[in-house]
Amino acid sequence: MAEFFFGLPPLVQALAKGILVVLVVFPVAAACSMAERKVCAWIQGRPGPNRALPPMLAWIPGIGIPQRLGLFQLAADGAKFLFKEEPLPDHVNRLYYTLAPVIAMVPAFTTITVVPLGAYLNREGRVIPLMLANVDVGILAGFAVASLGIYSLILAGWASNSKYPFLGGVRASAQLISYELSMTLSVLPVFLWVNEPGSAGTLSLVRVVEFQSGAGLASGWAGAWFLFTMPLSALIFAVALFAETNRQPFDMPESESDLVGGFHTEYGAFKWSLFFVAEYANMIVGSAVFALLFLGGWNPLPWVPLASLLEWLNHVTGSGFWLHPIVGGLVSIAVLGGKVLTTLFIFMWVRWTVPRFRYDQVMKLGWQKLLPLSIANLIAYTVGIYFLQR
Amino acid sequence: MAVIQVQRKPLTFAERTYLPQLFGGMWTTLKHLVGPAETMEYPEQRPAIPPGYRGAPTLVKDPHGREKCVSCQLCEFVCPPKAIRITPGAVPEGMGIENVEKAPQAFDIDMLRCIYCGLCEEVCPEEAIFLQNQYSMTGYSRAEMVNHKDRLYEMGGTLPDRHFKWEVKKAAAEAGHAH
Chain A
1164 MAEFFFGLPP LVQALAKGIL VVLVVFPVAA ACSMAERKVC AWIQGRPGPN RALPPMLAWI
1224 PGIGIPQRLG LFQLAADGAK FLFKEEPLPD HVNRLYYTLA PVIAMVPAFT TITVVPLGAY
1284 LNREGRVIPL MLANVDVGIL AGFAVASLGI YSLILAGWAS NSKYPFLGGV RASAQLISYE
1344 LSMTLSVLPV FLWVNEPGSA GTLSLVRVVE FQSGAGLASG WAGAWFLFTM PLSALIFAVA
1404 LFAETNRQPF DMPESESDLV GGFHTEYGAF KWSLFFVAEY ANMIVGSAVF ALLFLGGWNP
1464 LPWVPLASLL EWLNHVTGSG FWLHPIVGGL VSIAVLGGKV LTTLFIFMWV RWTVPRFRYD
1524 QVMKLGWQKL LPLSIANLIA YTVGIYFLQR
Chain B
248 MAVIQVQRKP LTFAERTYLP QLFGGMWTTL KHLVGPAETM EYPEQRPAIP PGYRGAPTLV
308 KDPHGREKCV SCQLCEFVCP PKAIRITPGA VPEGMGIENV EKAPQAFDID MLRCIYCGLC
368 EEVCPEEAIF LQNQYSMTGY SRAEMVNHKD RLYEMGGTLP DRHFKWEVKK AAAEAGHAH
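Line by line, the protein sequences are chains A and B. Residues in the first sequence are numbered consecutively from 1164, following the working numbering. Residues in the second sequence are numbered consecutively from 248, following the working numbering.
Simulated from the structure, these hints should not be mistaken for laboratory data. Owing to the predicted nature of the structure, the values given are computational and were not obtained by experimental measurement. Watch out, some of these pointers could steer you wrong.
[As the list claims (entries may be wrong)] Reference excerpt, derived from the structure (chain A facing chain B, CB under 8 Å, subset only):
{"no.": "1", "residue": "W1205"}
{"no.": "2", "residue": "I1206"}
{"no.": "3", "residue": "R1209"}
{"no.": "4", "residue": "P1210"}
{"no.": "5", "residue": "P1212"}
{"no.": "6", "residue": "V1513"}
{"no.": "7", "residue": "T1516"}
{"no.": "8", "residue": "Y1522"}
{"no.": "9", "residue": "L1541"}
{"no.": "10", "residue": "Y1544"}
[Stated by the list, open to error] Chain B residues, not near chain A, derived (Cβ > 12 Å throughout):
{"no.": "11", "residue": "V281"}
{"no.": "12", "residue": "E285"}
{"no.": "13", "residue": "E288"}
{"no.": "14", "residue": "E340"}
{"no.": "15", "residue": "Q379"}
Where is the CB? At the ideal position from N, CA and C, for every residue including glycine.
Let the sequences and hints guide you as you build the complete structure.
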C-alpha cells in the first residue's frame, strides 16, 4: 500500500492528498454549521434541532443520540441546498454573481496547503510534519491567499447590484484591510523568536511548533507555548482572526440587523451554502493557525511535546504500538484537532455572547487600538528577543 | 419633578479594554450552555393548564346528563367576532324537562373566528358554555374548524352544578309556589 502510494508520480500523490484533505475539511466545515446552531440553542436555553430522522433508520438502537445532536438535520439541510431551485435574480451581473461563491471557496481551501495538520516521528525519532506543502514562506503564503477571499465578498456585493449587498461588500473590504495589518504584525514577534541567529530563516508553521516542543521545565522558554510568552500577540491575533473571518462581533459584511444579509442578500440555495462553508473553512484554518502559532500545535501540553507523550504511553503500556509512525501521526492529528475544535467552539461561544460592534467602532478598534498596540508589541518583543538571543 | 444628575464615572482601564465585560458575558452564557433547556418539547410534553384558562369554548351538561343550553342566544349576540351561530329548537319530548322549553337544534362555533375572549361564558345565564382547556385546534379545511353541537358537548363533558335551576323550578311549579 505505502510502496504503491510513494511509487506514484509526485503530482498524483499531491493531488490525492489534497483531495483527501478537502474531503475531510468540507464535511467538518458543514458540520460546524450544525454545531453553531446547537451552541446557539444551548446558550439560549433551547434544545436546538433534534427531530430529523429518516424513518428507515429509526429501528437502530442508540440512533436517538445523533438524532438529538441534529446530524440528520444537517444531512437534510445539505440535501435541500443541493436540490432546491437556484434563484438567479434578473438584475445581477450573471458571470460575477456566479463566480463569487467559487472565489470564496478557493482561497478558503487553498490556505490549508501551508497548514500542518499533524506530525509523526519516523524511525530515527525525527518529527515529520503531515502537510500538503512544507514551504518556507509558510504563514506568509497563508496570509496572502486568505486575503484573496475578500475578493469574493466584494464581487458578490458588487455583482448583486443592490444596495445592501453593496454596502456589505464595501464594509468587508474596509474591515479586512484594517485588520490584516494588526494580524500580520502580531505574529511577527513569534517568527522573530523562532528564527534564532545562525539558523536558516523560515516562516513555516512547522518550525514554530518545533520551537514550542521543548521537553520538561528545564527547556525553559522553548517548552512554553507562545500563548504564555506572548499573550498580547495572541490576543491581537485572536481579535484580528475574528475580524478576518467576519465573525461576530465583527460580522460587518453580513450584519443581519442592518444589511439584511449583507453581501449574500441576493444569494440562495447552493451558492449561498458555498459562502457558508467557505466561512467555516476559513474559521477552521484560522483556528488551526492560531493553535499552531500560540497553542503549541500538536504538542499536548506545555513542556510536554508529542514525542514525550508517545514515549510515556509506550513506557506505560510496554508495547511498541505507540512508537509506530501511523499511531503517532493519528495522536498528533487528534491533539491538534482537539485544539482546533476548542477554538472553533470559542468562536461560536463568543458569537452568541457579544453583540455586534457598530461600523465606526470596528474601524476605531482596528486602526486606533489594535494597530498601535501591535506595533508597540512588535517593538517591545524585538528589543526583548535581541537581548535574549544576543 | 426633581432632576437627578447622574454622575457618569469615567471608565476604568479594564473596562475600556472591553475584555472583563467579554469574559463576564461568556461566563454568563456558559452557565446557560451547561444549564437545562428552558423550553418544552411540545407535542410530547404539554404545559400545565392553570385554572381559569381560556381555551376553546365548549358546551356542558349538568350531572343529570341534561344539556344546559336553552338557546337564549345571548352568547351569539355578545360574541364580538360573531363566531357563534345557534339555531333554536324545542327540547326533546318525554324526558321530563319540558319546562325548559328550548334547546339548541344546532350550535356552531367557528374556531377560525373565535378570539377566546370568554364573553360567551360570562354572559351565559345557564352556565352552559365554558372556555375549557383545549388550546390546540387543527384542521385541513375551514369547514373542519367549525365545532358543531355534538362536538361541543363531547369537548365540554359534564361539569358539577350547584343550582339545578330547572329541577327546582319544576318542583316549585308542582308545589304551587312562585319559586
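Restraint check, 8 Å cut-off on beta carbons, for V1513/A near chain B: Holds - the Cβ of V1513/A comes within 8 Å of chain B, reaching about 7 Å at its closest.
Test the statement that E285/B is away from the interface with chain A: the closest C-beta pair must be farther apart than 12 Å. violated, 4 Å
Residue hint Y1544/A, partner chain B, criterion CB-CB below 8 Å: violated, 20 Å
Y1522/A as an interface hint toward chain B, with CB separation required under 8 Å: Violated, because the Cβ-Cβ distance from Y1522/A to chain B comes to roughly 17 Å (cut-off 8 Å).
Grab the minimum C-beta distance from L1541/A to chain B and call the hint holds if it beats 8 Å, violated otherwise. violated, 19 Å
Please verify that hint: R1209/A, Cβ, nearest Cβ of chain B, below 8 Å or not. This interface hint holds because 5 Å falls under the 8 Å limit.
Close enough to count: is the Cβ of T1516/A nearer than 8 Å to one in chain B? At about 5 Å, which falls below the 8 Å cut-off, the nearest Cβ of chain B leaves the hint on T1516/A intact, so it holds.
Hint check: 8 Å Cβ-Cβ cutoff, I1206/A to chain B: holds, 5 Å
So is Q379/B really clear of chain A, every C-beta pair being over 12 Å apart? holds, 30 Å
With 12 Å as the threshold, tell me whether E340/B passes as away from chain A on beta-carbon distances. Its Cβ never comes within 12 Å of chain A, the nearest being 55 Å, so this holds.
Against chain B, run the beta carbon of P1212/A and see if the smallest gap drops under 8 Å. This interface hint is violated because 12 Å lies over the 8 Å limit.
Given P1210/A as an interface hint, is its Cβ closer than 8 Å to any Cβ of chain B? holds, 5 Å
Going down the numbered hints, you'll see the structure goes against 5, 8, 9, 10, 11, 12, 13, while the others check out.
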